[in-house]
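Protein chains in written order, with our numbering: chain L, 0 to 387; chain G, 0 to 387; chain C, 0 to 387; chain S, 0 to 387.
No lab work stands behind these hints, which were simulated from the structure alone. No experiment lies behind these values; they were computed from the predicted model shown. Note that beta-carbon positions come from the ideal geometry of N, C-alpha and C, so glycine has one too. Honestly, I wouldn't trust all of these hints.
[Unchecked claim] Pair ranges (Cβ atoms, derived):
1. G:P171 x S:N50: 43 to 51 Å
2. G:P171 x C:G240: 53 to 61 Å
3. C:Q146 x G:G378: 36 to 44 Å
4. C:P171 x G:P304: 17 to 25 Å
5. L:N380 x G:L348: 39 to 47 Å
6. G:T84 x L:D121: 55 to 63 Å
7. L:A319 x G:S69: 41 to 49 Å
8. L:T217 x C:P171: 48 to 56 Å
9. C:Q146 x L:S354: 48 to 56 Å
10. C:S305 x L:K351: 55 to 63 Å
11. L:G318 x G:N58: 28 to 36 Å
12. G:L348 x C:Q146: 49 to 57 Å
13. L:P171 x C:P304: 48 to 56 Å
[To be verified] In silico SDA-like cross-links for lysine to any residue, where the CA-CA straight-line distance does not exceed 20 Å:
14. C:K45 x C:A81
15. S:K16 x C:F28
16. G:K283 x S:D303
17. L:K207 x L:D31
18. L:K145 x C:K16
19. S:K283 x L:E172
20. S:K145 x G:E307
21. S:K152 x L:D170
22. G:K16 x L:D31
23. C:K16 x S:G334
24. S:K283 x G:P304
[Said to hold, decoys possible] Short derived list, chain G residues pointing at chain S, Cβ under 7 Å:
25. S305
26. R311
27. A325
Protein chains: 4
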Amino acid sequence: MFQKLRVAMIGYGFMGKVHSNAWRNVNRFFPDAPQIEMAVICGRSKEALENARVTFGWNEAVTDWQSAISRKDIDIVDICTAGDTHEEIAIAALRAGKHVICEKPLANNVSEATAMAEAARDASKKSVKSMVAFNYRRVPALAVAKQFIDSGKLGTLYHVRANYLQDWIIDPEFPLVWRLDKKVAGSGALGDIAAHIIDASYFLTSSKITSVSGQLKTFIKERPLPGTYTGLTAGASLGRGTVTVDDTAVFTANFENGAIGTFEATRFAAGRKNAMSIEVNGSKGSIYFNFEDMNELLYHDHTDPSAEAGFRKILTTDGAQPYIAAWWPPGHIIGYEHTFTHEIYDFLLAIKNGSNPSPSFDDGLYVQRVLDAVAVSAGNNSLLTQVK
Amino acid sequence: MFQKLRVAMIGYGFMGKVHSNAWRNVNRFFPDAPQIEMAVICGRSKEALENARVTFGWNEAVTDWQSAISRKDIDIVDICTAGDTHEEIAIAALRAGKHVICEKPLANNVSEATAMAEAARDASKKSVKSMVAFNYRRVPALAVAKQFIDSGKLGTLYHVRANYLQDWIIDPEFPLVWRLDKKVAGSGALGDIAAHIIDASYFLTSSKITSVSGQLKTFIKERPLPGTYTGLTAGASLGRGTVTVDDTAVFTANFENGAIGTFEATRFAAGRKNAMSIEVNGSKGSIYFNFEDMNELLYHDHTDPSAEAGFRKILTTDGAQPYIAAWWPPGHIIGYEHTFTHEIYDFLLAIKNGSNPSPSFDDGLYVQRVLDAVAVSAGNNSLLTQVK
Amino acid sequence: MFQKLRVAMIGYGFMGKVHSNAWRNVNRFFPDAPQIEMAVICGRSKEALENARVTFGWNEAVTDWQSAISRKDIDIVDICTAGDTHEEIAIAALRAGKHVICEKPLANNVSEATAMAEAARDASKKSVKSMVAFNYRRVPALAVAKQFIDSGKLGTLYHVRANYLQDWIIDPEFPLVWRLDKKVAGSGALGDIAAHIIDASYFLTSSKITSVSGQLKTFIKERPLPGTYTGLTAGASLGRGTVTVDDTAVFTANFENGAIGTFEATRFAAGRKNAMSIEVNGSKGSIYFNFEDMNELLYHDHTDPSAEAGFRKILTTDGAQPYIAAWWPPGHIIGYEHTFTHEIYDFLLAIKNGSNPSPSFDDGLYVQRVLDAVAVSAGNNSLLTQVK
Amino acid sequence: MFQKLRVAMIGYGFMGKVHSNAWRNVNRFFPDAPQIEMAVICGRSKEALENARVTFGWNEAVTDWQSAISRKDIDIVDICTAGDTHEEIAIAALRAGKHVICEKPLANNVSEATAMAEAARDASKKSVKSMVAFNYRRVPALAVAKQFIDSGKLGTLYHVRANYLQDWIIDPEFPLVWRLDKKVAGSGALGDIAAHIIDASYFLTSSKITSVSGQLKTFIKERPLPGTYTGLTAGASLGRGTVTVDDTAVFTANFENGAIGTFEATRFAAGRKNAMSIEVNGSKGSIYFNFEDMNELLYHDHTDPSAEAGFRKILTTDGAQPYIAAWWPPGHIIGYEHTFTHEIYDFLLAIKNGSNPSPSFDDGLYVQRVLDAVAVSAGNNSLLTQVK
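Pulled out of the complex, with its shape left as it was, chain L reads as follows:
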């Protein structure tokens, strides 16, 4: 019988809120997972942190993540902070023998990610688990799509077509929040959202990108400084500052398996709110997914007679599909946060079973390498650049 696993979460912003929800509910819907205890929440600003503790339902709040990590009564560290802190926290936690789940992108550059992946490999030898939180792998529709591709339903893969379209900073007066600051965020649309579709393409096809040709572009080069840094909203302006990250990243890609890919990530597609979409075309069929319709997978079976073939809309709320039996009857939609509950469920199962959770820090490192190659290519007149 497993004892309760005690969790410390670092960070309490958007990701902190959605991770808290997952920790709170995972045992209610997935009773086979180890029981957890929401032990400690960590953050820098004492008052806001206490507020978060109460609202999100954690036992304790501490402003010093080092102390939380060094505590004997903590089994799991959940890193929900901005990318510039991942390396330090994750490596410290792994060395302290804590299982680590870390928000994506794994790091702000390849060198940080490499160190983290190395630490994870070392820790793994002592049965300490680590996982990077590419939550879209746990969208049931994408899990179904992966099953289809793995089972050969799509045949030889030819095309991957992946977009991640948002529109939240179209307004030139939207302030210069931390996500637009290269020092904190590493990059813009590239690391924040292109990272997701790079990972999704690997998850679905089991094939890695070997080379890319890309462009990065910043449409709005100056923005008002935010009065105070509090997530996505900002108070009184204190002048203007320079946007140091990309507003959009576009690239073409070659995959190990011979497929060709087109990728686009942007925060400037008016009307597209969280349109993370991916299509894969193969010799025997195709799949299409768009997160704005996250409970649906489109699937075309090219082996059907041509007169009867077409993209079918599979409602991924069927109990025979991954994760869904835990929730509601067919046709009863699930939402964004469920993907995090699924992710933490899988993470807990891996701890329980002694298996390696996926995606690993090495998978996170791979994504970082692709991001890096895109940036290098973009800085080099789009010259086709190998992913190292």
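Starting from the known structure of chain L, arrange chains G, C and S on it as the hints suggest.
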């Protein structure tokens, strides 16, 4: 400052699971609601109940609902049982001074519903609140649609077109579960799902149905008896029994405001899983909603120039729309259970503010009267029948 | 070798325009049909008729339909006039030994339709062919749907759900054109557009409606008189007149095969332009069609594993589907008028092959009987009324 | 008053069929265009040509295009042959004083296209008109989109996202038809279909592509030789040959106006039949179009309140939209061939009015330069390449 409100929930099936989730999370996302305590869960089968208590996260479990209701430390009673027990429990709870939220349909017939509505009116004089749980009112898309209609965006209303299509009992070997037993369920598709679209039409249009012409039909008249009654699945067959409820209910309707309506509820629409849809057409515009795309509202503005007009798909994940600010950024989908969290949030706010939660037991009684008129009409060669 | 068949068309309004197009192009795309000659166009207003002759490409124009029909060099009479003239023209043409294709609805009432069907049966004995022009039967998507149902893909049929929604007379100042005048048009939405979905339900299911319960409603009871009768637009107002037809017709229906149907036809559904839709649900699958997406058929195969099932969008532009090989490659959309070209192609093939074109005047009579039963039921408090 | 313009058409394959349809019908629907006479059809294979003459409805057939072009009684030359013959025919026709409409792509390379554009400019001085047949400009939905962008509805443009996806050669046993032969076709998906989306992006945005970074890929490198060259189907195999064109072309692009674009053309997207789609995102709104739904334009107005905004589906069958008044009432779909009728209508109007038809040969040359730059970039490790 409000003390924690202590809740007793009766029933632990499908509705018990989704209500438990709402109670567990409401304070985490809506901090302005009174704090609640998940005090007691009640049910008949001791072992299954204890299981539910642990999984759903209630403090205590009791097999005797009367004792739960009579406890001084209980403030709220949440009724999630089958329709044949609503009257007794609800009236007892109200008389004991407990706020009551009761699953729909309010009762299995008009006479029971009338007694309940009367009890609710009496209780209301003592500031005891009651609410019938038509959760679809709390789908943000329908709340937006209501705002549009209330504000006159649709002009004079001409048509209501409402379907609730499912397919879960198409297989003739699907067993004779309680929902197919008139004594327990009152009726079939009529009370279970037509009730929802009747309520939704009233919620949206603020206009009541005055007369109906209907038909009821049972396609599969005999089914295997279930080995044991455990929700929607069943073990070994013990012979066959007669289906005593309708498989489908169809009716046309006249509204107070002069609009005409068509309604259809069925459990035999292959491929339609939980397709609760409603369209309203007015002189200045139209809205369309389908629960299988619950994060979307289609809206046509007929005052746009004809060359530029069309149904727009409003993604109802915008913070300026009802309920949504509590959750995630735009484009981050919410699901079925969120409607219950919203419902319980509104119920708690009404208790806090001393206002009357909506829909009231009187609203539930109105729906029951329409259901009754449909059944009368169906038994009378579809003769147009007044809703009394 | 067949000689050219010489055609006389009566009427030159909307239907005259679309029929002319079909006659002009049928030999260009379907070379196996008999060659035709666009010989004579008939109408009452000399100047407008001559205009139509030139624009539509007919050899001659005559203002006297009787003379056209009595000419020896005419083989086919195509009736595109309003419903109040069908009986006289069609019977005269059939008796004169001309093949007749007649616009729908066949007539303005059952008695006229009965006489026409009788005349058609008599003429048939002399190899004179007749056909009623329910063009939607020749939408490839509906032809595919019929193949699916005929082949048993849908199993036992349970539901028919058919709407025909338009919005062209929502404006109360839209004038009182002939389609709103009972004497000329027979009825409103009922005969004009409900007729189409009644025929489509019969075409698809091969099962007739045996009883109906209906309502008719006129939302706008007075309208400006049109200055001159010229189709759907009107000039200066000459006062106001009474609308003598229904704006909407709604009814429930029972089919011979045990299925139940809901039907709605309206000209008051803002934003719905020509939304003729039909869904059929059976024990093994479902189909859905909407004319506004006329190149698509949705098909759900309920025998697929539940985790992989869903409505597939079959693009009906595949050469293996009915009619399509004559046109363009897959994915190259066809339009409204193509259905008329298909219809006339089938009519010509029947003449060539000596077979009976479908739908026959008897089929048109059947539709008229259903329309009649709906009107009777509507006048009788929606009492379920047998289709005689 | 204008005399009839006499047309000679060169080629009688797929494009010959669809152009013939346009010539046959243009005067029937657009009476303000000059009257035309379908005088001569030209082709190499006598028997097949005569067949085409009869079926398509041309007066004469000649196997020698030079003679057709030199005839005094010919006013217009319509070039529907493969790309390798365009230059010779077009220049000869222009020099002979004939108005020329030429299928796209204008030529097989920049040098041919340059000569043609020069000849067109010379001819223009003598009032001889020329036009390249990018028919998608005449899809009403794209014409509406252009109006929106021209009028500023989209604000500053940020993104163009254009795909042209087909699947007709996925089968590796599909034969090596002329479209897969570089000598005849110039290139594969690049010139055949990427050409369309390049032109569409220019048409919509009025902004040219200045640089591109691309990749070309051939998935199936050998195919069976076709028995005889007859369009897209082939008889007995005569061995295998090498595919000398690209199966897919992908590229990113920079526009004069600062927007960034992603383009993809492929014949290997299973289930996508003729999915020519384009999305444009601007600071004030977005449009989206997909040819498989060619009667629809999606438009998002970003100046709407965020809670009410969304992509609206404009059914482009409204008489107030370009071209549509000539056809049918709202909601009555038009098809692929209508775009050619519109194109020829505009061409005839330009001849009548003495204006310059659009797109001009210079526009065709521009597209050729982009195609060329993509090929150069693809041959140069995707290095960003200027469009000269």
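Checked hints:
| no. | hint | result |
| --- | --- | --- |
| 1 | G:P171 x S:N50: 43 to 51 Å | 56 Å, violated |
| 2 | G:P171 x C:G240: 53 to 61 Å | 56 Å, holds |
| 3 | C:Q146 x G:G378: 36 to 44 Å | 39 Å, holds |
| 4 | C:P171 x G:P304: 17 to 25 Å | 19 Å, holds |
| 5 | L:N380 x G:L348: 39 to 47 Å | 59 Å, violated |
| 6 | G:T84 x L:D121: 55 to 63 Å | 60 Å, holds |
| 7 | L:A319 x G:S69: 41 to 49 Å | 44 Å, holds |
| 8 | L:T217 x C:P171: 48 to 56 Å | 54 Å, holds |
| 9 | C:Q146 x L:S354: 48 to 56 Å | 50 Å, holds |
| 10 | C:S305 x L:K351: 55 to 63 Å | 29 Å, violated |
| 11 | L:G318 x G:N58: 28 to 36 Å | 30 Å, holds |
| 12 | G:L348 x C:Q146: 49 to 57 Å | 56 Å, holds |
| 13 | L:P171 x C:P304: 48 to 56 Å | 51 Å, holds |
| 14 | C:K45 x C:A81 | 18 Å, holds |
| 15 | S:K16 x C:F28 | 9 Å, holds |
| 16 | G:K283 x S:D303 | 18 Å, holds |
| 17 | L:K207 x L:D31 | 33 Å, violated |
| 18 | L:K145 x C:K16 | 52 Å, violated |
| 19 | S:K283 x L:E172 | 14 Å, holds |
| 20 | S:K145 x G:E307 | 13 Å, holds |
| 21 | S:K152 x L:D170 | 16 Å, holds |
| 22 | G:K16 x L:D31 | 17 Å, holds |
| 23 | C:K16 x S:G334 | 17 Å, holds |
| 24 | S:K283 x G:P304 | 19 Å, holds |
| 25 | S305 | 5 Å, holds |
| 26 | R311 | 3 Å, holds |
| 27 | A325 | 15 Å, violated |
Hint check: violations occur at hints 1, 5, 10, 17, 18 and 27; the rest are consistent with the structure.
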